[in-house]
Amino acid sequence: MERVAGPDRQDARLCLAYIAVAFVALFLGALAGLLQVLQRTGVIELPAGIGYYQLLTAHGVLLALGLTTYFIIGFLLAGVAKTLGGRLTATARRLGWVGFWVMTVGTVLATYAILMNKGTVLYTFYAPLKASPSFYIGMALLVVGSWISGGAIFLQYRHWKRATGKKLSPLFAYMAVVTYLIWIIATLGVAAEVVLQLIPWSAGWVDRINVLLSRTLFWYFGHPLVYFWLLAAYAAWYVVIPKIIGGKVFSDALARLAFALFILLSVPVGIHHQLTEPGLDSRWKLVHVFLTMMVVVPSLMTAFSIAGSFEIAGRLKGAKGLFGWIKMLPWRDVRFFAPFVGMVMFVPGGAGGIINASYQLNTIVHNTLFIVGHFHLTLATTAVLTYFGVAYWLIPYLSGRTLTPTVNRLGIVQTVLWSVGMLLMSGAMHLVGLLGEPRRTAFTTYGDHPIVQSWEPYRAMMAMGGVFLFLGAVLMVVLAFYLMFAAPKGQTEFPLADTVEDAHDTPVVLERWSLWVGVLAVLILIAYSKPILDAIRHAPPGSPGFVLW
Amino acid sequence: MEMHRYEKLWLMIGVGTLVAFFLLLVYSQYAMGFMPADGHATIDSTKVDQTPPFNQPGVFKKSDKEYEVVLVALAFGFTPNVIEVPVGSTVHFKVTSKDVVHGFEIPMTRVNAMVLPGHVTETSYTFKKPGEYLILCNEYCGVGHHMMMGKLRVTE
Chain A
1 MERVAGPDRQ
11 DARLCLAYIA
21 VAFVALFLGA
31 LAGLLQVLQR
41 TGVIELPAGI
51 GYYQLLTAHG
61 VLLALGLTTY
71 FIIGFLLAGV
81 AKTLGGRLTA
91 TARRLGWVGF
101 WVMTVGTVLA
111 TYAILMNKGT
121 VLYTFYAPLK
131 ASPSFYIGMA
141 LLVVGSWISG
151 GAIFLQYRHW
161 KRATGKKLSP
171 LFAYMAVVTY
181 LIWIIATLGV
191 AAEVVLQLIP
201 WSAGWVDRIN
211 VLLSRTLFWY
221 FGHPLVYFWL
231 LAAYAAWYVV
241 IPKIIGGKVF
251 SDALARLAFA
261 LFILLSVPVG
271 IHHQLTEPGL
281 DSRWKLVHVF
291 LTMMVVVPSL
301 MTAFSIAGSF
311 EIAGRLKGAK
321 GLFGWIKMLP
331 WRDVRFFAPF
341 VGMVMFVPGG
351 AGGIINASYQ
361 LNTIVHNTLF
371 IVGHFHLTLA
381 TTAVLTYFGV
391 AYWLIPYLSG
401 RTLTPTVNRL
411 GIVQTVLWSV
421 GMLLMSGAMH
431 LVGLLGEPRR
441 TAFTTYGDHP
451 IVQSWEPYRA
461 MMAMGGVFLF
471 LGAVLMVVLA
481 FYLMFAAPKG
491 QTEFPLADTV
501 EDAHDTPVVL
511 ERWSLWVGVL
521 AVLILIAYSK
531 PILDAIRHAP
541 PGSPGFVLW
Chain B
1 MEMHRYEKLW
11 LMIGVGTLVA
21 FFLLLVYSQY
31 AMGFMPADGH
41 ATIDSTKVDQ
51 TPPFNQPGVF
61 KKSDKEYEVV
71 LVALAFGFTP
81 NVIEVPVGST
91 VHFKVTSKDV
101 VHGFEIPMTR
111 VNAMVLPGHV
121 TETSYTFKKP
131 GEYLILCNEY
141 CGVGHHMMMG
151 KLRVTE
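Residue numbers (the UniProt record's numbering), protein chains in the order written: chain A, 1 to 549; chain B, 1 to 156.
Just chain A, same shape as in the assembly (with noise of 0.2 Å):
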């Protein structure tokens, strides 16, 4: 199959169309999170009756699940439609407009039922708070939607091996397919929560719902999605940011290796989000810890090929000394400069997320604000910078326009107010929670309490970091659209490095997907049957459901 050199139209208006979404969605979260911000720390009192939770609810949904799941398609379907035939099949590209579209319908009416405050329950949905069915099933479309698109992505990577006939694909395509059967995996778990228990509670076809269980699953999803974002941004860090500084692949088997240690070690560990909650077997809560701690093996593999192909890149360019290279990096490119600063902040994210999901450090951080500063730094700044580094170039690439200089200076403008608003907000809400201060909470001194004295400077750096947030979240909203219909035409490449020539060949058996995913599947019988039979066996008689907003 020949390679064309850019994008088939219709694929690219059905990426755009999924990354559109993605920065309307970042725009309105961003506000959320602006007001939110401010009501918390005492700055404004929040206009016209909205309530703090329900914004609260808002920001969740657009950012965490919104954002990220229209991003991360629209990147995957591209990277796949250009490295798996340069298009899409006709199949696949239909698949991926009815999984946007049931997405949409399904965002849409969860973001309504918010709006209309009937869906004030967090995006973590905590039963046995009620919501209204709509807001469930929104959420259960916009799930089903994303398995659709997913089917796309699965479909041309078949398409493109029968024809082929090739045991080994592109390394993008790899990872696309690791980063997406992890999402269908994990959506299983809040599938079966929102369709077999909230919805015919909600609906009032059952009264009572059993708590634990409903917690377990979504935590058995929970954590996973953390690796739906972050390998979407490895998958970045392997295989295009290698090319744009002018370096190559550092090995390509250790990078499959890598993913497919993320596909066994991502999904049986989501206990670890429930360590101070009874009802669950304290030696169940340390398997699983064990088991989230065995993920830095891939990570420390990922760290040492990132350096790899940076000191490649740099010797490439004539570097001397043992750090010589690091001054060849292009770091007046924001398609590297944007995801750089993300790895660099990913540094002290990874030692919080340690910290956390720590047996015992847990019970002092568990539910303060610095966990929220802890998915600040890796979500909203490792992953989602990344994303917008991607969105540079990916988006001109799609719409047949280029990056201009201007917008690439005013891109590094963006890097840097996102990173000093994240320092500031993230960096008071580490902090802050080390005292105490819980997460989730609206504005209060709670009577005025002393304790709460201490928390008053960080709340004031919380503000001002949410300000910078919302400007950045702003420019770079206005850079996307600007870049998708108004720069000038062109063409963009899509960014793919090669792997270095020395290296050795790829075992097939990396990509022997029944192997991984069977052992994947022993992995969760073992992490969770007892659990879930415990948390079924061993039951109260349910909760009946409250609307307390």
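Among the clues, some could well be false.
As the list claims (entries may be wrong) - Beyond 10 Å from chain B on every Cβ pair, some chain A residues (computed):
1. Leu31
2. Ile50
3. Val102
4. Gly222
5. Ile244
6. Phe485
7. Ala486
8. Phe494
9. Ser514
10. Lys530
Claimed, not checked - Derived DSSO-like pairs: lysine-lysine, alpha-carbon spacing no greater than 27 Å straight-line:
11. B:Lys98 - B:Lys62
12. B:Lys61 - B:Lys98
13. A:Lys243 - B:Lys8
14. A:Lys320 - B:Lys8
15. B:Lys8 - A:Lys248
16. A:Lys243 - A:Lys161
17. A:Lys166 - A:Lys248
18. A:Lys118 - B:Lys98
19. B:Lys129 - B:Lys62
20. A:Lys161 - A:Lys248
21. B:Lys94 - A:Lys530
22. B:Lys62 - B:Lys94
23. A:Lys166 - A:Lys243
24. B:Lys47 - B:Lys98
25. B:Lys47 - B:Lys62
For the record, the hints were derived by calculation from the structure and aren't laboratory data.
Where a beta carbon is used, it is the ideal one built from N, C-alpha and C, also for glycine.
Chain B: place on chain A using the hints.
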């Protein structure tokens, strides 16, 4: 599969740290007894007022410097909402919810747990410093969540 010599070393350090880390966790749980809150008793959350010990929430002296506190969390408060114990007391908390999921946190201590309707959360702490501690809910429970609080006074 061939691996770079430095990468092997790098991963060996990582795996070694992981094993040490896990041994520490197990040691602090089984040898030092530092465990996050849990609890295995269940209860009908709609009948908390009729079910002992939660039909009589309060502070109960078990022995010298040892207290049991039976606490009911509900939207939006704790019953009882003022607790008093002498300095140096070890307090065993038993907490359940009458309605939705709540949090049970005392900032600057190791008391921090989830409270689920239908389950009983247990955790213990020794209060070595006198003063007025704040009890707060750290899991969103509805529109009055940020008002949900209690006080624990540790007297000389």
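Quick rundown of the hints versus the structure:
The claim that Leu31 (chain A) is not at the interface with chain B holds, since no C-beta of that chain comes within 10 Å of its own (minimum 21 Å). Every CB of chain B lies more than 10 Å from the CB of Ile50 (chain A), the least distance being 12 Å, so the non-interface label holds. No beta-carbon of chain B comes within 10 Å of the beta-carbon of Val102 (chain A); the shortest separation is about 29 Å. The Cβ of Gly222 (chain A) lies farther than 10 Å from every Cβ of chain B, with a closest approach of about 14 Å, so its non-interface assignment holds.
For Ile244 (chain A), the non-interface assignment is confirmed: its Cβ lies about 23 Å from the closest Cβ of chain B, beyond the 10 Å cut-off. At roughly 39 Å, the least C-beta separation between Phe485 (chain A) and chain B is larger than 10 Å, which holds for a residue marked as non-interface. For Ala486 (chain A), the condition that its CB be more than 10 Å from all CB atoms of chain B holds, with the nearest at approximately 41 Å. In this structure Phe494 (chain A) is separated from chain B by more than 10 Å, as the shortest Cβ-Cβ distance comes to about 28 Å.
The Cβ of Ser514 (chain A) sits about 20 Å from the closest Cβ of chain B, beyond the 10 Å cut-off, so the non-interface label holds. Residue-level check passed: Lys530 (chain A) sits 13 Å from the nearest beta carbon of chain B, beyond 10 Å. For the hint pairing Lys98 (chain B) with Lys62 (chain B), the CA-to-CA distance comes to about 25 Å; that is within 27 Å, so the pair holds. Note on Lys61 (chain B) and Lys98 (chain B): the hinted pairing holds, with a Cα-Cα distance of about 24 Å set against a maximum of 27 Å.
Pair hint Lys243 (chain A) plus Lys8 (chain B) holds up; C-alpha atoms about 25 Å apart against a cutoff of 27 Å. About 25 Å separates the Cα atoms of Lys320 (chain A) and Lys8 (chain B), which keeps this hinted pair within 27 Å; it holds. Pair hint Lys8 (chain B) plus Lys248 (chain A) holds up; C-alpha atoms about 20 Å apart against a cutoff of 27 Å. As the CA atoms of Lys243 (chain A) and Lys161 (chain A) are separated by approximately 25 Å, the hinted pair is consistent with the 27 Å bound.
At roughly 22 Å between alpha-carbon atoms, Lys166 (chain A) and Lys248 (chain A) fall within 27 Å of each other, so this suggested pair holds. Restraint check for Lys118 (chain A) and Lys98 (chain B): satisfied, since their Cα atoms lie roughly 23 Å apart, inside the 27 Å limit. Between Lys129 (chain B) and Lys62 (chain B) the CA atoms are separated by roughly 20 Å; this keeps the pair inside 27 Å, and the hint holds. For the proposed pair Lys161 (chain A) and Lys248 (chain A), the alpha carbon gap of about 25 Å is at most 27 Å, so the pair holds.
Only pairs whose Cα atoms come within 27 Å are accepted, and Lys94 (chain B) paired with Lys530 (chain A) is accepted, the gap being roughly 25 Å. A threshold of 27 Å between alpha carbons decides the hint, and for Lys62 (chain B) with Lys94 (chain B) the separation of about 14 Å falls inside it, so the pair holds. The straight-line distance between the Cα atoms of Lys166 (chain A) and Lys243 (chain A) is roughly 24 Å, inside the 27 Å bound, and the hint therefore holds. Taken as a hint, the Lys47 (chain B) and Lys98 (chain B) pair is honoured in the structure, with Cα atoms around 8 Å apart against an allowance of 27 Å.
At roughly 26 Å between alpha-carbon atoms, Lys47 (chain B) and Lys62 (chain B) fall within 27 Å of each other, so this suggested pair holds.
When held up to the earlier numbered hints, the structure conflicts with none and fits them all.
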